[in-house]
Amino acid sequence: MARYRALALALAASAVLALPARAQVLQRLTVRQLTLAADTTTPHTERRFHLIVTARVSERVSRLENIDLPLLASLELLGDQVTTTRNAQGTTYREVITVVAHHAGTTMIAPVTLDAVDARDGKAKRYFSNSLTLNVQGPGVLATAGPELGALARGIFDVLAWLVGGVALLAVVIALLRRPRRPAPPAPEPLPPAPLPPRARTRADALRDAALTLRADPTRASALHVRNAVRRMVGASDAETLEDVLRAIPDDEPMHGLLRALERAAFTHEADLASAVRAAIDRLEAMSA
Amino acid sequence: MNAHPQRLIDAMATTIVGQRDVVEALMLGLLANGHVLLEGPPGLAKTLACRTLAAALGGEFKRIQFTPDLLPSDIVGTRIFDQHERAFATVLGPIFANIVLADEINRAPAKVQSALLEAMQERQVTIGPQTHRLPLPFLVMATMNPLDSEGTYALPVAQMDRFLVKIDVGYPTRDEELEILERFAVRDTLPLEAVATLDDVARWRAQAHDVHLESKVKAYIVELVASTRERERAYIDYGASPRATLAIANLARGKAFLGGRDYVVPDDVRAVAPLALRHRIGFNYRVTTDGVGVAALLDRLIAAVPTP
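Which chain is which? The protein sequence lines are A and B, in order.
Residue numbers for the first sequence follow the numbering used here, beginning at -13 and rising by one.
Residue numbers for the second sequence follow the numbering used here, beginning at 8 and rising by one.
For the record, the hints were derived by calculation from the structure and aren't laboratory data.
If you're wondering where the values come from, they're calculated on a predicted model, not measured in any experiment.
Even glycine gets a Cβ: it sits at the ideal position worked out from N, Cα and C.
All clues stand as given, with none of them false.
Quick list of simulated restraints, FRET-style, between CB atoms: (1) R236/B x Q67/A: 35 to 45 Å; (2) H11/B x A257/A: 17 to 27 Å; (3) T133/B x A207/A: 48 to 58 Å.
Please construct the entire structure, taking both the sequences and the accompanying hints into account.
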């Protein structure tokens, strides 16, 4: 479980903080669709459900780069599966993220973003999906009941589900038989590109999320993930050390201080860890204010 | 006195123009209790740097000029017969000092090099029936001249491995050379007063030894050393030994300590890795014939390993 939590934080932090980097190369795409959905908007705590990201572009590409997932700080990531299919209409990207919520309440998931050069006008754009609001319910009857009662309730539920399903199917068949035949409607016009939202996510937004991540999980592992995410945000590669990164951004003193604080939080000894993480959170909050 | 190592570095800078890397590497050797091999053409202040460090520490300094006719007893000492006492007396050699400069170590034959290197490793010398412990701190700084290879005896790989660090001493920049001219053309080098004591060194070593090395940084060090055995096979006959792993860890702790930290960061490892790896990797002739160069290849090896 801890491994998944760490993975979730890593993905979340890296996703949120992955703002355009120094040497980012954007794909040239005609984005037709970018959506974020869930297989339920009222999930129960401790029951897994799925978030589904779908993107459609007119070009045939082997992969879609620069898709950034939102911060899933209130959910635990259990798995992630990406499929990319190509056909005559272009490319469809589908990512299914298996998650579980541990706390009841309303959770808002920020939009997924896709950075690309718009093939129609040649301009770099950031496309946003819809956001998603989840109303996480407490544990359901089946989850809280004893095993025998749970089995009985599940049996009743299955019978009712079959009955309701059967009635619905019958209603659909009757409706189809009674429906007068009409000429096929014209093919729908292709969707216009997703409108750009009024404000793109800023560095301050990303740093605020990073502060929340670190505050929620003030461990060394979390500090290391946030450190790596901030380094990616300023365009550092995996091979670069702190000194390399600082040299690349000579005039950004606040960022120097933040990177140093995160370096300390990631590598200091146990006795100093709590203080180092606090110092890093203070820096993150000061820069996101 | 409770001096800080930076004070020692600053004091050395009053005598040594430039060569900050050399001075820092000497300090790292001192903190990590390891010996230092300096390679560079004549006239680049190698001897002066060693002498200045000894003076700044108030320790005893001895210089041994290695020549083809040098004998082991010329280094470690010997027993001579005292006519008055009618008994053998032990005369300790120049190795009994805190800082020993072994100048042009590759000019002496293997048996003399071995005598020195055994003393370096065991920090004690046996003369006749008696074993004598060497003073603490005990630091050997050996120099090699890469230009005159005629009449030299190359150090065996196993003996090179005994040196904690190897420093390539380079030529000064134009500005530094101008400063050398202005500083020393009109007067001799001023004798340096001691700014730290041998007790300070012992204390610094204890503090540097306690510097925290996080598990991810340890893994990074292991990965770096392992990469010397796995990458760049066209240019490397054999990679670094586990002694290199220990050396990098100790040097990185020293580097962090000099930086005023009690924990090591990947930058420390990256900075000291060339010092510990340069002489422990078996580079083959293609490094020269292909015009790659040892320093560039080392940089490439190190840069290829992702930092934690």
